Amino acid sequence: MASLMENLIEILGQESSEYEGLLELSQKKTPIIVSGDLEELQKITDDEQEVVSRINRLEKKRMEVTADIANVLNKDVENLKLVNLIEMLAGRPKEQAQLAETHDRLQTSVRGLQRINEQNRELLTNALEMVEFEMNLIHASKAAPATANYTKTAYNTGDTMGVVSREFDAKQ
2 MASLMENLIE
12 ILGQESSEYE
22 GLLELSQKKT
32 PIIVSGDLEE
42 LQKITDDEQE
52 VVSRINRLEK
62 KRMEVTADIA
72 NVLNKDVENL
82 KLVNLIEMLA
92 GRPKEQAQLA
102 ETHDRLQTSV
112 RGLQRINEQN
122 RELLTNALEM
132 VEFEMNLIHA
142 SKAAPATANY
152 TKTAYNTGDT
162 MGVVSREFDA
172 KQ
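By the count of my numbering, the sequence shown reaches residue 173 at its end, each step adding exactly one.
Any given hint could be a false lead.
What the hints assert, rightly or not - Pairs of lysine-lysine, DSSO-like flavour, derived with a Cα cap of 30 Å:
hint: 1; residue 1: Lys62; residue 2: Lys76
hint: 2; residue 1: Lys76; residue 2: Lys61
hint: 3; residue 1: Lys29; residue 2: Lys61
hint: 4; residue 1: Lys62; residue 2: Lys82
hint: 5; residue 1: Lys44; residue 2: Lys29
hint: 6; residue 1: Lys76; residue 2: Lys95
hint: 7; residue 1: Lys44; residue 2: Lys76
hint: 8; residue 1: Lys29; residue 2: Lys76
hint: 9; residue 1: Lys95; residue 2: Lys62
hint: 10; residue 1: Lys44; residue 2: Lys82
Don't read these hints as lab results, they were simulated from the structure.
Given the structure is predicted, the values throughout are model-derived calculations rather than measurements.
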């Protein structure tokens, strides 16, 4: 049981470090989103994907170790939470303190990551709305209202205000 707890503490520590790295990347991403540097944004997104991949591997290990601990304790793995494990380790203050500290570090990182990701999501939403506005503005400028110019036979010439046709004329 002691080695299982040590494994769990070690895995959670690694996972916490990875989340802290992911938090740093997300914080770097915020000014890049604001500046609109798509190339740099792509680099950071690629780095984030690597970190997420490592977190997923660690998460699988954590789930395996937690299942082993649940077997040893004869508990249901679905109901076995870190808070419960911390309480169960009352007889082992050193391991209890390590697990509690790692749990707190992990929670702090995840909360910070959620906050930064929400902020980045808002920035990206605003950027997309601005692009859409600009596209509508460009489209509207090309679809200016038609003038009331008529030919001698009373047909509209189809001229539009403020639009100069720059089409290539092969006859010239």
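Results of checking the hints against the structure:
| no. | hint | in the structure |
| --- | --- | --- |
| 1 | Lys62 / Lys76 | 19 Å, holds |
| 2 | Lys76 / Lys61 | 19 Å, holds |
| 3 | Lys29 / Lys61 | 28 Å, holds |
| 4 | Lys62 / Lys82 | 15 Å, holds |
| 5 | Lys44 / Lys29 | 11 Å, holds |
| 6 | Lys76 / Lys95 | 23 Å, holds |
| 7 | Lys44 / Lys76 | 44 Å, violated |
| 8 | Lys29 / Lys76 | 42 Å, violated |
| 9 | Lys95 / Lys62 | 23 Å, holds |
| 10 | Lys44 / Lys82 | 36 Å, violated |
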